[in-house]
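With the sequences and hints as input, model every part of the structure.
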Amino acid sequence: MQQHRPSSVISQGPNQGESRGSRWLRPKKGRPEVKPGSVTGAARAGQRSRRRRLSLRAALAVISGRAAGAFSRRLRLGGGTSIVGLVAQRLYPDIISHLAAQLEHGSVLVTGTNGKTTTSGFLAAILRDAGLRVWRNREGANLLRGVAGALVVRALPNGNLRRAGQAISVFEIDEAVMPQAIRLLEPRAVVFVNLFRDQLDRYGEVESVAARWRQMVKELPETTALVLNADDPTTASLGEQARGPVLYFGLEDLTLDLSGQDGQGTPGTHQVVDSRSCVRCGSDYHYSARFYSHMGHYQCPHCGLERPSPVVRALHVRQDTFDRLRVTVETPTQLGEIVIPLPGLYNVYNALAAITAAQALGISWEPIVSGIEQFKPAFGRGERVQVAGRTLRLLLAKNPTGLNEVLRTLFSEGTPRHVLFVLNDHIADGRDVSWIWDVDFERAKGLTASLTVAGSRAFDLALRLKYAGFAPEEMTLIPSTPLRALEELTGSQPPGRKGKGRGRGRRQLPERQAAAMMTSSAATPSAEEQTTSLREMAVSFPGYGLAAALEQAIEQTPAGETLFIVPTYTGLLEIHRELERRGLTPHYWEGRD
Amino acid sequence: MHGRNEARLTLTLGHLYPDQLNLYGDRGNILTLKRRCELRGIELRVVGLGIGDALAPDEYDLLFIGGGQDKEQAPVAQDLFETKGIGLWAAIEDDMPVLAVCGGYQLLAHYYRPAEGPDMKGLGVFDAWTVHKGPRTPRCIGDVVISWHGMTVVGFENHGGRTYLGTARPLGKVLKGNGNNAEDGTEGAVYRNTYGTYLHGSLLPKNPHFADHLIGLALQRKYGLRRLTSLSMPPGEIMNGSTPAQPVSVEDPTTLLRPLDDRLEWQAHAAILERLGLYEEAVAALRHAEAA
Chain A
38 MQQHRPSSVI
48 SQGPNQGESR
58 GSRWLRPKKG
68 RPEVKPGSVT
78 GAARAGQRSR
88 RRRLSLRAAL
98 AVISGRAAGA
108 FSRRLRLGGG
118 TSIVGLVAQR
128 LYPDIISHLA
138 AQLEHGSVLV
148 TGTNGKTTTS
158 GFLAAILRDA
168 GLRVWRNREG
178 ANLLRGVAGA
188 LVVRALPNGN
198 LRRAGQAISV
208 FEIDEAVMPQ
218 AIRLLEPRAV
228 VFVNLFRDQL
238 DRYGEVESVA
248 ARWRQMVKEL
258 PETTALVLNA
268 DDPTTASLGE
278 QARGPVLYFG
288 LEDLTLDLSG
298 QDGQGTPGTH
308 QVVDSRSCVR
318 CGSDYHYSAR
328 FYSHMGHYQC
338 PHCGLERPSP
348 VVRALHVRQD
358 TFDRLRVTVE
368 TPTQLGEIVI
378 PLPGLYNVYN
388 ALAAITAAQA
398 LGISWEPIVS
408 GIEQFKPAFG
418 RGERVQVAGR
428 TLRLLLAKNP
438 TGLNEVLRTL
448 FSEGTPRHVL
458 FVLNDHIADG
468 RDVSWIWDVD
478 FERAKGLTAS
488 LTVAGSRAFD
498 LALRLKYAGF
508 APEEMTLIPS
518 TPLRALEELT
528 GSQPPGRKGK
538 GRGRGRRQLP
548 ERQAAAMMTS
558 SAATPSAEEQ
568 TTSLREMAVS
578 FPGYGLAAAL
588 EQAIEQTPAG
598 ETLFIVPTYT
608 GLLEIHRELE
618 RRGLTPHYWE
628 GRD
Chain B
1329 MHGRNEARLT
1339 LTLGHLYPDQ
1349 LNLYGDRGNI
1359 LTLKRRCELR
1369 GIELRVVGLG
1379 IGDALAPDEY
1389 DLLFIGGGQD
1399 KEQAPVAQDL
1409 FETKGIGLWA
1419 AIEDDMPVLA
1429 VCGGYQLLAH
1439 YYRPAEGPDM
1449 KGLGVFDAWT
1459 VHKGPRTPRC
1469 IGDVVISWHG
1479 MTVVGFENHG
1489 GRTYLGTARP
1499 LGKVLKGNGN
1509 NAEDGTEGAV
1519 YRNTYGTYLH
1529 GSLLPKNPHF
1539 ADHLIGLALQ
1549 RKYGLRRLTS
1559 LSMPPGEIMN
1569 GSTPAQPVSV
1579 EDPTTLLRPL
1589 DDRLEWQAHA
1599 AILERLGLYE
1609 EAVAALRHAE
1619 AA
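First to last, the sequence lines map onto chains A and B. Residues 38 to 630 (the working numbering) are what the first sequence spells out, left to right. Residues 1329 to 1620 (the working numbering) are what the second sequence spells out, left to right.
Stretch-level coverage of chain B by chain A, calculated; a stretch enters the list once three of its residues show a Cβ under 8 Å from a Cβ in chain A:
{"no.": "1", "region": "1527 to 1537"}
{"no.": "2", "region": "1598 to 1604"}
{"no.": "3", "region": "1610 to 1618"}
Since the hints were made in silico from the structure, they are not lab data. For each residue, glycine too, the CB sits at the ideal point set by N, CA and C.
Here you go:
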């Protein structure tokens, strides 16, 4: 089916040297199928039969898992990689370590609150350009079953990986399952991108995640390299616990210091700071530069703990266009400029994380540059889709810092934008949406060319925007389900049900009169009411559900312009499903690598 | 708009530990109080009171304490006890409206007993105490609705500790969700004008009646009912030219305030009620917006 890549070195560009990529290759030590050592003949025979049993079991797990995946896809139940892993793991709990042990170049794990997908995407692109065969778990399938699934779909029915030579896996891992993932995969490098407040109902507080991480890092083998964000105090502090090599990355461009331009002192902006006190002594950090949230150059005035000096440094960041960031990067051996094809300072950190991980693996400079510069944004991370002459840009934002940075990226130039916000509160989003009150929506005030608000918590978000200074008539509110009580009260019907209630008493209540009932002042009706106003909105919404919201938002965006869609995680999935339904994006379970 | 108000009304809100206790969107509560005051021509000054700052009770008209991470809570508890305790007690006994959410609520009860380790001592404003029963006991997480003076108050709760009331009056009765301890159907606690609750979400944006209740209490306490009705807020201003729906009552100082356009607030409120199957209550909430 798929064209085989030359298994050693690929050469596509003129300046891609022959030896590129293969030079550094360090076949994994100590991972043959059977543990070496002096074993007696009987023991060896026993081990052989045990091995046969295990590979039979692995084969069964692979076959069953893949069958389950096929059914799931056929029945349109979903992407099917998680179900593959779930079934395979059920039949053979050690399937992950069994298969991962066959990867010639081992595994790299990427974790953190924001930027896992983009960082592992950058890293995968770099490694591919270095001539490796890179295997990843599907975005969002970042629990263990997702990892298992990613390996199983690449395994043969005999329980062995196909084409494991030249293969390396890059897995993004949910911060909560990192300890198990490390145990099962014995990674060559672990990348910690950052730690922010996210889904308090699911992960617990930032401090409890940090405590689990510290414990986990202590248990890492000496051969595992740690790649850490120097600018995030909690993440950086993990380096103190490490037994193996530690590589830090960080930002050195002090012109990006927020306290200089629009930081804490200026009213109207609000930074969410999730880690403020010293991990060692508990005093509040002092920042000489703050880039966003708690990212910056910090020092503890009490115990003297300070930001470690990074080995991979972004000396200078310049924005060419909205999604072209020109970054001067310095590593111990190189100084060069890299263009990051994504918007936002957070993507500079993601790129630095990937560059540093590549350094830890011994990759040369050329594939690093080409991997990043030719990167295609992943699912919902700045991804671009063309619809009816408009460009849709999908910018996932799932926690206060993530959303603050998306808003900063969108609105810092003062260009008016068309925006669709989708706020859901399903399990995968985190059910508690109170974090929206910590997001600086005020910065978007007056800068939205059109604004549509949708999702299962659309009302909450609309209210947040109202308190940020948006007039209700500036936004189109499209809740996911009708508010029945409101229909009852106003006698209106949701679209599509009109006419059914005709002739009944409450249906005869004129809409305008019903609207007046909902206003607090007895203002006289005016021509203004013809427009989409709160009054109309109170009676009936332009529609319900995400399909209607997308429709409305696209309609409000003139042809040739860009609609920025900012959804939470399940909102992104719904948007994708809707785009797929219209045949606009590939099904996300179809092969990507 | 408010030209007839000769003396501009001013309230000062003391926000306790804004840097340490800011976990659950507490900012929404402050934004709500500020906006609802400003729309009525009342100036609301917000003063942050951090660790080490003394609390002079005569400088404030309203106090707010939010919830925070466990790591931040211990130094806060100590400061509350040692630095702000006397001032806070004086303010509370003098009927200052105080809103304490989640961790702040726990700090105003007798103690917080963690699953392991020593008790964290609280201020004892509420005759109540909180026990964390260990990792086996599930956290109380989810949407929550309580009844409060014949109306609903909606919010989101997320707490591991269970709070039990001694003689303290609960804020309301749980209609949906867990409340104080998921056992006795109580939620929150009230002492004089001090309100403790687990509801965030943020609490006040979707509960404009509760927000106005606090503002009304603060105005009444600072300016006195008679002065407010006669002097500072002419009836036309208060009632927006229409006949009062209900007479101004001493019990409910909210009636002093000019109604605002709260349809979106009540729709958001009703949407939560409907999700939880409280359809009649949702209709009642929307009717309330309509009556205003």
